[in-house]
Structures are given as structure tokens and as C-alpha cells.
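*Asks:* Work out the full structure, taking the sequences as your base and the hints as a guide.
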Amino acid sequence: MPRSAADLPGRRVVVTAFTLLVVVLPALVCGVGIDAKVTPAEVARVAAAASDPDGESLGPTALFYTAIVDAPIGDPTTEIPRARLATVLGVAVLSGVLYLVLAFVGSRALGILACGFFACAPSVADATLRPEVPAAVFGMLALLVLAGLPTQLRHRRRRSLFGNVAVVLGSAICSGAALGLSIASLPGYAAYLLFPGGCAMLAVVFALVRFVGFMRRQLPALGPFWGFTRRTAPWLACAVAALACSFWLLDRVANPEPPTITGHGIWPDSPWLAVPLGVCVAIGAVVWSVRVGLRLGRSRRVEPDTVLFVFVATVWIWRVKLPTGADALPTAPAFAIPAAIGARAMLEQLVGRLRATSRRGFAR
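Residue numbers for the sequence shown, in my numbering: 98 to 461.
Just so you know, these hints were derived from the structure itself, not from any lab.
Even for Gly, the Cβ is constructed at its ideal location relative to N, Cα and C.
Estimated spans, in silico, between C-beta atoms of each pair:
id, residue 1, residue 2, range
1, Leu451, Thr421, 40 to 50 Å
2, Glu445, Pro173, 49 to 59 Å
3, Ile131, Thr326, 43 to 53 Å
4, Val110, Trp345, 42 to 52 Å
5, Val309, His252, 19 to 29 Å
6, Arg395, Val110, 33 to 43 Å
7, Pro368, Gly107, 31 to 41 Å
8, Ser367, Met298, 33 to 43 Å
9, Ile414, Val129, 28 to 38 Å
*Replies:* In C-alpha cells form, the structure reads like this:
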């Protein structure tokens, strides 16, 4: 029986190779500037990290700055370019997590488009050692965990009570630890800490709507209270765990670092890239808002795309509060996601019109 083109091994190899190339593209863009001129801020950060091997003063960033080089460092002009390899690896992990999140929530094509737009951000091309890199990596890891939580909650009936409690506690601990490390790396950027609370607030609102509707139709019973607890407790646990881990880790950081002023905005410097990116972001924001709103109106529960939408909205709002010229690396994924959604929507419309035109041509 002949196999279709989608089942051919050669096609799978090509698709896999292309996917890997796009996912590592931001790291390749970042690696181009690894030999740039050493800045005094980098020298001060690496020197402070070398004198703080346990991370009591700088927190997780101390381990990040000296992850590649041995402390104490020798000549900064030769050691710091080698230490910048940690930034390149961090951008690679950030791009990989971005692809995994969108491949899980949407599709692999959406993840590929998001990684491509992420590579266009000016902050990605900056390979300097700065706290925004570990903060963004840990924040995206927390997003990956929380985006998978609704799917786990949907299959709760297949597990025992102990299994459900273990899933909720594991998700809360993992996401809380990741968010705590993100905030400890860059305390001035608390957007990643706010989106679990936003998801918890939505879960409480939807559960209250269901609870009030049920109580109007039937007499008070234990069932509505159990349903309310079952829908809200996982998200409240994640929000509380994020706050607890963040405060616990921040209390142990003596000298937290401020946001890095690099002058790199979120938009590319070239108008040939900035204008199409802005169009894709605008279209994607509108299309995505409508889709998420309609889905929320039908399901009235927190879904994976709801978690992603709350994350992007929180980061967009927090971006306004950052100092002028602050490094935009933590906010770059939040702009790449709607850009990918907008680009996919335009491509779907274009392909649909081309197919309709070809069918009319064949009909003639």
C-alpha cells in the first residue's frame, strides 16, 4: 500500500532539521556578538560573582555569570567573551521553551513562527552578561509548567485522589520555584510573578459563576462547594507557591540587581522588519483576543491558551512600568507569540484565497 507524502521518512527528516534550525536561530543570532567589546558592567558583575560563590549577595545570577569560567577570572578581555557562552545557552533554552509552549498550546508551526520572530528582537543579538537572561529562562519554564496544568486537571477522573494532589503540588512547587528564581535574578521585573495570580483570579471568577448558578437552581449541598474547591484550589496553590518562593529567595539576596539599561527596544531597528512585525502583532492580538474570549465564554474554565494569554497581557502591561531603555529580553517572547498568531492567520487567509482561485480556474 503506497504511503502518503506526509509519511515519507525523508520529509520527516527535513521537517525536523528545519524545526531545529529555527529553534536554535536566536542562539545563533546571539552568538554573533559574543566577541563584542567588554563592558565595565560585565567586569563588575563577574568580579562580584567570583567573590560570591554561594550566591548570598547576587542570588542565582552569581552562578550564571561564572557558569563557564572559573573564579577568580584572569584577563577580562579574554575571559568574559568566554563567559558570554552562558548567555548564548540561555537564549537557546529560552527559544526551546518558547517552541515547546506554543507547540503544546497551539501547533508546531506556531512555535516555529514564534522562534523566528523572537530571533528578530534586538535584545536577542546582545550577548552581554546580564540578569535578564536567567530571569527570562526561569519565567518561561514556569509558564511551561502552568500551561500544562489545565490538561492535567482535565484528566483528574482517571487518577486517584492521591494522584491528583501529587499533580497539583508538583505543579505548584515547580512553577513556584522557577518563578522564585526568576524574581531573585531580577527583582525589578515582577511580571512573571503576577500571571499565576491572574490565572487564579479567573479560576475563582468562573467557579463563582458556576456556583451561583447552581445554588439558584438547587438547594444547598456539598457538591457545589466541592466543585468550587476543585476548580480554584490548584491555581490558588500555584499563586501562593510563587509568592512564597519569591519572598523566601528575595530575603536571601543581599544586593539584588536592577534592570539593565541597554537602549534596545522591543522592535527591530530596521523599519523593514519593525513594520511587518508590528502588523503581525496587531493582527495577532485582535485575532487571539477574540478566540480566547469566545472559548472562555463557552467553557468558563482556565485552559492552556488562557494561561498563555494572561502571561502575554501581564508582560505587556508591565513593560510600560520598566525604565526607558531597559533590556527587553524578558518581554520579547510575549511579543513573538501574538506576532506568530497574526502571521499564521494571514498565511491561512492567503492559502485559502489561493485555493479558491485555483478551484475557480479548474472549474472553467
